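**Student:** These are the residues of each chain, in order.
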Amino acid sequence: MNPAFAYVYDDVLSDRRYEREIGTLETELARRGIEGRVARLAMFRNPREMAADLMKVGVKNVVLVGRDQMLKDLMAFAPDLEVTLGYLPIGAPSEIAALLGIPNGIGSVDVLAARLVEILDVGRLNDRYFLTEVVAPSTKACVDIEGKYRVSPTEHGAIAIRNLAGGGEGSTLADPQDGRLEVVIQARVGSRWWKKGALEETRMWLTRGAIRSAQPIDIFVDGEKMRGTEFHLSIVPKKLKIITGRRQPR
Amino acid sequence: MFTKQPGGDAAVTTIARGVKVEGDFTSQGDVVIEGEVHGTLSASGLLTIGPEAIIKADVTAGEALVAGTIQGNVAIGKRIELKSSAKVIGDVTAEVMAIEAGATLAGRISVGERRAESAERTASAKRERGIVQASA
Chain V
227 MNPAFAYVYD DVLSDRRYER EIGTLETELA RRGIEGRVAR LAMFRNPREM AADLMKVGVK
287 NVVLVGRDQM LKDLMAFAPD LEVTLGYLPI GAPSEIAALL GIPNGIGSVD VLAARLVEIL
347 DVGRLNDRYF LTEVVAPSTK ACVDIEGKYR VSPTEHGAIA IRNLAGGGEG STLADPQDGR
407 LEVVIQARVG SRWWKKGALE ETRMWLTRGA IRSAQPIDIF VDGEKMRGTE FHLSIVPKKL
467 KIITGRRQPR
Chain P
337 MFTKQPGGDA AVTTIARGVK VEGDFTSQGD VVIEGEVHGT LSASGLLTIG PEAIIKADVT
397 AGEALVAGTI QGNVAIGKRI ELKSSAKVIG DVTAEVMAIE AGATLAGRIS VGERRAESAE
457 RTASAKRERG IVQASA
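Chains V and P are the protein sequences, given in the same order. Residues 227 to 476 (my numbering) are what the first sequence spells out, left to right. Residues 337 to 472 (my numbering) are what the second sequence spells out, left to right.
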């Protein structure tokens with residue numbers, strides 16, 4: 227067993243349908259000499275304490291095995307850990323893995339074994355970190371940028387503050403190594419009762435700012451719902467060490 | 337792993353239709369505006385103002401292509417081009433100016449190298465003030 231590696235399994239992987247895939251994965255890790263301790267997330271187990279325990283026994287690489295949501299959940303404290311993160315996506319197609327250049331399933335072991343480490347920026351919303359994006363789905367809230375100006379949709383629009391994200395067809399990849407967060411506002415313009423208007427996209431960047439709304443609004447931080455009227459945003463440059471793959475050029 | 341986007345740090349800032357900006361807007365790079373801006377507007381690169389854009393602000397930029405409406409003074413370091421749909425209510429200073437037939441301009445025009453240098457100095461000073469304020 228390699229003492230520098232530990233694997234944290236998503237709680238969904240205890241389901242029997244993943245047995246075979248997990249078995250294959252563990253065999254491949256052992257073949258490459260990077261098998262390590264295994265810890266399992268469970269409902270009543272504090273993931274922060276689990277990570278601290280692993281670090282106490284000399285673990286340098288914590289590899290998350292499971293779904294994107296697990297990675298997002300752990301992101302609330304993971305950037306403060308003095309470890310390198312790895313990710314083996316299993317259980318569902320992984321958007322984050324694709325952005326990090328990591329294939330799904332067994333192929334992800336190749337990326338882990340190559341151990342190409344990159345240091346990414348992470349976003350901060352109030353007192354929690356986020357890796358991917360903050361989304362306010364439909365709102366008239368405004369985004370305060372650098373304390374100098376405010377941007378808002380004139381009608382309801384979707385606001386996204388992106389660190390690591392691909393926006394789908396025609397949209398660009400938010401760069402998690404540029405020291406800033408990308409602000410994207412999508413507003414539908416020219417809608418009438420008989421037709422939907424065109425979807426227009428505003429793009430700009432911030433290093434610090436806030437989302438403010440007169441009424442309480444729902445926002446999603448790495449997929450987790452929060453409600454409020456004011457959310458403070460900033461970027462923490464070069465905060466997260468993570469093992470990535472070589473992304474295919476688009 | 338993360339390939340740079342075209343233009344790298346100078347990626348274009350876009351203010352689309354259906355969006356309003358209020359305050360002192362500054363950008364180190366090119367800017368495309370199709371929406372509304374109220375306050376002041378400063379861009380170090382090419383500023384493109386689309387036909388439906390409404391700018392109620394003093395404007396400074398390196399270069400400008402205007403097809404929309406500006407209410408405010410305009411100071412451009414190099415070249416400004418007013419398209420036929422442009423409507424500018426305010427004074428314009430630039431090194432070179434081109435006006436298409438049909439454009440509306442109500443204000444004084446100062447064109448020439450010296451004027452542009454002065455405009456560029458004003459624009460730089462405004463940008464620097466913006467940066468100092470932002471980092472304070």
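Honestly, the hints are just simulated from the structure, not real lab data. All values derive from a computational prediction rather than experimental measurement. Incorrect hints may have been included.
Only pairs whose alpha carbons sit at most 25 Å apart, straight line, appear in this in silico SDA-like list of lysine to any residue [said to hold, decoys possible]:
#1 P/Lys356 / V/Lys465
#2 P/Lys356 / V/Glu427
#3 P/Lys356 / V/Ile332
#4 P/Lys356 / V/His382
#5 P/Lys419 / P/Thr440
#6 V/Lys467 / V/Arg243
#7 P/Lys414 / P/Glu449
#8 V/Lys465 / V/Glu308
#9 P/Lys423 / V/Leu239
#10 P/Lys419 / V/Glu427
**Student:** What hint numbers does the structure not satisfy?
**Tutor:** Checked against the structure, the hints that fail are numbers 1, 3, 6 and 9, while the rest are satisfied.
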